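Chemist: Listed below are the residues making up each chain.
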Amino acid sequence: MNVGLYTVLRRDPQHFLHALALVQSIQQHMPDVEIHQFTDLQTPVAVDGVQVHRTADGPMLERRLEHYATCEGDWLLLDTDTVVLQDVRSVFDDPVFDVALADRNWKGIPQGDEILLTMPFNTGVVFSRRQTFWQDVLAVWRAFPKDAKDWYSEQRAVYQVVRTGKYRVKILPGEVYNYPPRTKHDHCTGVAIAHFKGPKKQWLTELIQESWRVPASA
Amino acid sequence: MKIPYALTAAVKTDERYVQMQHAIDVANQRGYPRLEQVPITEDRVLTVACYGPSLAETYQEMRHPILSMSGATRFLADHGIIPDFHADMDPRAYKAKHLNPPIDGVRYLMASVCPPQTWETLKDHPITLWHTYSGADSKGIDTYTWVAEHDPNQLVVHGGSTIGLTALHIGGVLGYRHFEIHGMDGNRREDGIRHAGPHYGKPQNDPITWNAEGRRYHTSQIMANAVAETINTVKRFPMFCVFHGDGLTQALIREANLPNACTANQPDKAAQIRQACLRVVEMPLGAAKQCASYWDALLDILPKDAIPELIRFARQAESLRKHATYNTGTIPLETAVQLRAVCHYYRPRIIVEIGTFIGTSTYAMVASDRLFTCDERNDCLVATDNVIPHPYMGSTAMLRALVEEGHAGDVDLFFFDGRIQNADIPLIQHLSHPKTIYAIDDCADGQKGVANIKKLLPHLQSYGVIPPNPAFKGRSTLGLLMPLVAP
Chain A
1 MNVGLYTVLR RDPQHFLHAL ALVQSIQQHM PDVEIHQFTD LQTPVAVDGV QVHRTADGPM
61 LERRLEHYAT CEGDWLLLDT DTVVLQDVRS VFDDPVFDVA LADRNWKGIP QGDEILLTMP
121 FNTGVVFSRR QTFWQDVLAV WRAFPKDAKD WYSEQRAVYQ VVRTGKYRVK ILPGEVYNYP
181 PRTKHDHCTG VAIAHFKGPK KQWLTELIQE SWRVPASA
Chain B
1 MKIPYALTAA VKTDERYVQM QHAIDVANQR GYPRLEQVPI TEDRVLTVAC YGPSLAETYQ
61 EMRHPILSMS GATRFLADHG IIPDFHADMD PRAYKAKHLN PPIDGVRYLM ASVCPPQTWE
121 TLKDHPITLW HTYSGADSKG IDTYTWVAEH DPNQLVVHGG STIGLTALHI GGVLGYRHFE
181 IHGMDGNRRE DGIRHAGPHY GKPQNDPITW NAEGRRYHTS QIMANAVAET INTVKRFPMF
241 CVFHGDGLTQ ALIREANLPN ACTANQPDKA AQIRQACLRV VEMPLGAAKQ CASYWDALLD
301 ILPKDAIPEL IRFARQAESL RKHATYNTGT IPLETAVQLR AVCHYYRPRI IVEIGTFIGT
361 STYAMVASDR LFTCDERNDC LVATDNVIPH PYMGSTAMLR ALVEEGHAGD VDLFFFDGRI
421 QNADIPLIQH LSHPKTIYAI DDCADGQKGV ANIKKLLPHL QSYGVIPPNP AFKGRSTLGL
481 LMPLVAP
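Chains A and B supply the protein sequences, listed in that same order. 212 is the number that the working numbering gives to position 212 of the first sequence; each next residue is one higher, with no gaps. 61 is the number that the working numbering gives to position 61 of the second sequence; each next residue is one higher, with no gaps.
It is possible that some hints are incorrect.
[What the hints assert, rightly or not] Residues from chain B shown here face chain A by an in silico Cβ test under 8 Å; the list is partial:
| no. | residue |
| --- | --- |
| 1 | Val-18 |
| 2 | Lys-322 |
| 3 | Val-337 |
Simulated from the structure, these hints should not be mistaken for lab results. Quick caveat, the model's predicted, so the values are computed rather than measured. Here a beta-carbon is modelled for each residue, glycine too, at the ideal position from N, C-alpha and C.
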């Protein structure tokens with residue numbers, strides 16, 4: 001299995017910090033997997049040993065989909081604000097899916113009808129086997145009018161492709177594979193992959209820096 | 001502020017270019033001067049007269065020079081005020097009616113895009129020609145390229161969707177930064193009136209309202225867009241504006257509470273704004289055009305490989321915590337990155353740091369000669385060739401020692417992560433020079449950084465505060481006191 005993460009360092013160093021922590025969490029729980037960093041021409045390599053794939057600067061969503069559309073075979077594609085907490089390679093033991101997506105059925109975090117109707121899967125964690133799935137998503141995304149290419153447009157494009165019925169889609173429980181921690185110090189019991197999305201990114205940033213601390217003598 | 005409506009231009013760019021070519025031909029034939037940039041001086045004020053209904057209530061407060069537009073020029077003339085300038089950029093033929101008959105004593109600042117009959121109507125009156133930005137034509141040729149080819153070396157004013165907005169930019173070209181703005185209302189009155197007098201434009205009766213200051217204003221798509229553009233323009237451009245009259249724009253200006261704009265019925269603020277002058281901070285301007293803040297510009301030019309290095313340094317610094325006799329917090333990565341960015345751009349030779357602790361900030365900063373740092377209660381850092389720690393030493397003692405060692409006027413950058421003592425002030429002044437930068441951590445409500453700024457700023461001549469980077473949403477509280485210079 002390959003693991004791909006897209007990280008581009010612009011002005012905010014926290015994204016790079018997250019990428020670093022993600023790579024370390026992958027290495028800790030799945031030491032033998034190949035990790036690929038999809039990025040631009042300037043961003044440094046997160047950790048030595050990671051395979052780096054670079055393309056020129058451009059709109060983030062489009063560049064990320066372009067990278068994903070090169071992924072043939074068993075790939076786990078992760079947002080950089082996720083943290084791997086368990087070995088998840090067994091998901092690929094199931095031969096009968098082209099793409100496995102995590103649902104948004106998070107306990108105590110109700111999703112609005114609009115979200116559930118247009119983008120019921122959060123794409124921060126995706127298990128992918130078919131390169132053509134992403135090529136189709138990219139084509140759908142590119143066809144969106146300019147003012148529809150907002151931050152969530154990638155997830156809407158994914159769902160549009162899912163709805164074509166062209167691909168076998170496995171639905172994974174978001175509470176396990178794409179878990180948004182409820183508090184900064186959530187123990188994440190039973191969680192395979194935590195996702196510090198939106199304002200929760202700050203918790204991840206703080207947790208990483210707190211983890212560096214060593215006890216003082218006084 | 002988001003521009004609320006997507007609107008299509010009334011006249012296509014291809015047609016505009018035909019009218020522009022005609023205007024250029026006429027101008028060349030008759031020898032009309034072109035609009036040229038005049039150096040901006042801070043003490044000149046331009047009155048801008050738009051044609052909103054409130055003009056009728058405020059025109060008597062106007063002072064020359066006056067730049068008016070649309071029907072405002074005729075309105076003012078009818079009320080005994082001859083404007084100095086009239087500006088127009090409407091390409092539609094029927095809007096030229098406002099010019100007829102022309103008014104003696106007015107210089108007409110006419111965009112080349114105006115319809116051909118303009119030049120006949122105004123043939124006996126002084127005209128200055130300029131070009132307004134009109135997008136790209138059906139072949140993809142944008143206005144800058146078109147003007148460069150058809151009227152070489154002339155300015156293109158990219159002002160906005162209305163002449164009122166564009167008048168502010170023309171004012172800038174004429175050398176003004178201070179504006180007294182009348183009749184820029186952006187709404188129609190309850191009785192449906194949207195101008196101070198007769199107007200030849202199409203009615204704008206869209207049932208659109210906009211609430212501001214708890215009051216509902218009736219507006220239109222065109223006016224709402226212009227209002228949003230006005231707020232954005234005032235926010236983004238180095239200008240000082242006092243808006244007169246009662247209207248939607250004026251209400252939103254008050255709501256926005258901008259440092260450079262207010263309404264005439266805010267007398268204290270208006271007095272301040274009328275006295276204000278622009279001072280700028282030296283910063284990487286090349287990158288700034290796509291930056292929302294000073295910090296964005298600085299971070300854009302920081303080499304990206306600095307980030308992993310700073311992460312490594314921050315982790316190494318944490319390993320020194322075991323040596324701390326007084327264990328406290330250290331700066332976050334975001335602050336370290338910004339300190340590095342400051343050093344990367346301004347290249348300080350000598351840095352003085354108050355508050356070493358485990359050295360996260362010390363490692364982040366780069367001095368080409370030496371960095372002196374002190375900590376009253378800790379000894380965590382080992383000296384290097386150019387990092388000179390002063391363990392168990394308070395700020396006053398280190399600053400005094402530096403003065404005694406002959407570093408007066410040497411320090412390019414101070415970083416304060418501790419409280420500045422009263423006794424420190426004269427020593428800091430002694431060690432500083434006119435371009436010294438003061439970086440201050442904990443610049444948040446009730447924190448020591450704010451106290452440090454209050455203590456230091458009164459002793460600095462012509463310095464301004466760069467607040468913490470808003471993009472970091474409180475993750476960094478690093479502020480700067482920066483020397484200001486005239487633009």
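Chemist: All hints are to be evaluated individually against the structure, with a verdict given for each.
Modeler: Evaluated hints:
1. Val-18: 29 Å, violated
2. Lys-322: 5 Å, holds
3. Val-337: Holds, about 5 Å.
Hint check: a violation occurs at hint 1 only; the rest are consistent with the structure.
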